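So you can see what is in the structure, the chains are spelled out below.
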Amino acid sequence: MKTPTKCEKCPSNSSGIFCELSSLEHEDVDKHKVINKYKKGQTLFVQGNHPFGIFCISTGNIKVTKVGADGKESIVRLCHGGDIIGHRSLFTEEHYTATATAIEDSEVCFIDKNFILKMINEKPSVSLSIINKLSTDMGKAESKLSSLHQKNVRERLAELLLVLSRSHGKVQADGRTKIDLKLTREEMATMIGTANETLIRFISEFKDEKLIEQEGKTIIINNEEKLTEWANLPY
Amino acid sequence: MNKQNELLKIPESQIDVIQNMVRPLKYSSSSNLFYAGQIPIVAYLLLEGLIHFTKNGKVVNTFSRGNVIGLKELMNNQPVDVDAQILPGTKVCFIDRSTILGILEQKVPDSLNEVISKLIRIDSTVR
Chain A
1 MKTPTKCEKC
11 PSNSSGIFCE
21 LSSLEHEDVD
31 KHKVINKYKK
41 GQTLFVQGNH
51 PFGIFCISTG
61 NIKVTKVGAD
71 GKESIVRLCH
81 GGDIIGHRSL
91 FTEEHYTATA
101 TAIEDSEVCF
111 IDKNFILKMI
121 NEKPSVSLSI
131 INKLSTDMGK
141 AESKLSSLHQ
151 KNVRERLAEL
161 LLVLSRSHGK
171 VQADGRTKID
181 LKLTREEMAT
191 MIGTANETLI
201 RFISEFKDEK
211 LIEQEGKTII
221 INNEEKLTEW
231 ANLPY
Chain B
1001 MNKQNELLKI
1011 PESQIDVIQN
1021 MVRPLKYSSS
1031 SNLFYAGQIP
1041 IVAYLLLEGL
1051 IHFTKNGKVV
1061 NTFSRGNVIG
1071 LKELMNNQPV
1081 DVDAQILPGT
1091 KVCFIDRSTI
1101 LGILEQKVPD
1111 SLNEVISKLI
1121 RIDSTVR
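Order-wise, the sequence lines are chains A and B.
Residue numbering for the first sequence is 1 to 235, as defined by our numbering.
Residue numbering for the second sequence is 1001 to 1127, as defined by our numbering.
Chain A on its own, in the form it takes in the complex (with noise of 0.2 Å):
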C-alpha cells in the first residue's frame, strides 16, 4: 500500500478533529483515510445522496450549496482547511441535504462511518472536537438568520466582508486585509439573500466609501473599522 499523506503533517492538523490524538492514532487514522484532490468545480458529494463518512479538509476551499425549488443554488457554508463536511447527515442518517464543490484545488480526506464512530466511542477528544464544530456551525447558523432578518442589504454585506475578512483575510504589509477567497458576485449575494444587482450596487458604494477596494475577483479591505460600523454588529 503506498503511504498518503500522514495526518501529523497535514497542514491543517491544529485545527482539525484529530489533533489532540497521539501519533499512534493518528497512524490508525492514516490507516483508515482516503486523501483525494479535488479540482475547482469537482463535488465531493450532490444533495440527496447517501452518506458514508465524513469530509475532512486539509488544503483549500470548499462550498456548501443547497438548490431550491426553483433550481437556485445558495451558499449555505464556506469550509476550509481544518473543517469537516457530511458530519451532520451522517449522524442523523439522513441523505445530504447539500452538495459540496471545490471553489479551488482542494486536498481533501475521507473517514469512513465505521471508523468516525470508533473514534467517537473510543477517544472522547475526537467526539469533543466533533461537538465544538457542530456548535460552531449552529453559532454560525443562528448569526446567518437572525442577519437575514433583522439587517439590510448595506449591513448584511458588510457583516460578510468582515467574516470572510477573518476567515480568509491575509494583512498586507500597508495594514489592509486581502481577502484570499475569489468568489463570484453571484455567490456573494446567495450568501446574503439579496440579487446579483442589488450587492453590486452595494459594492460600488463600498468602494466609493473607501471601505474596500478590488483587484480583479480579489476584495480588500480598507477600514475594517468603519465596515464593523456599518455591518452593525450587535456588541
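Incorrect hints may appear among the rest.
Below, simulated BS3-like cross-link-like pairs (lysine-lysine); rule was C-alpha separation at most 27 Å, straight line [unchecked claim]: (1) B/Lys-1055 x A/Lys-37; (2) B/Lys-1009 x A/Lys-113; (3) B/Lys-1091 x A/Lys-66; (4) A/Lys-144 x A/Lys-178; (5) A/Lys-113 x B/Lys-1091; (6) A/Lys-226 x A/Lys-151; (7) A/Lys-40 x B/Lys-1058; (8) A/Lys-140 x A/Lys-226; (9) A/Lys-40 x A/Lys-144; (10) A/Lys-72 x B/Lys-1026; (11) B/Lys-1058 x B/Lys-1091; (12) A/Lys-226 x A/Lys-182; (13) A/Lys-39 x B/Lys-1058; (14) B/Lys-1118 x A/Lys-31.
Since the hints were derived computationally from the structure, they do not count as laboratory data.
In this text, all values refer to a predicted model and were calculated from it rather than measured experimentally.
Chain A is already provided as a structure; the job is to place chain B on it using the hints.
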C-alpha cells in the same frame, strides 16, 4: 462484457453476504462516484443498473450486477484514470475501508475473505 469485467465479478452467494453487511442504496439521479486522478473513497458492489467509466467524456467501460469497482485502488491508495458515473435507478452497496479491513483481518479465512483478497489484486480500470 469484457474479460476484465468478468474478473471483477463476485459470485451470487457472496452478493447476499455483502448485502447483509452493508445496506444497498439506489441512486435516483445520475452522479459522479469518483473523478479521474482520485482514489475511490469506497468500493462499489453493483446490484442493479449500470455504472459507466468515462474518459474525456467518452464511455470506455460499463459495469453491471456483481461487479466490484475500485477495491484495489481504494486499498492501495491508487488513483484511477477515469471518471465513474452512476446511472439513475442503479443500486449499489458501498464497501468502506474499515469493512474491507475487517473482512481481511478475520483469523479464519472464509469464502468472502478469499474473494476480497483476490479482487484486491485486480485493477478496475484496465480494459
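Which of the listed hints are not met by the structure? none
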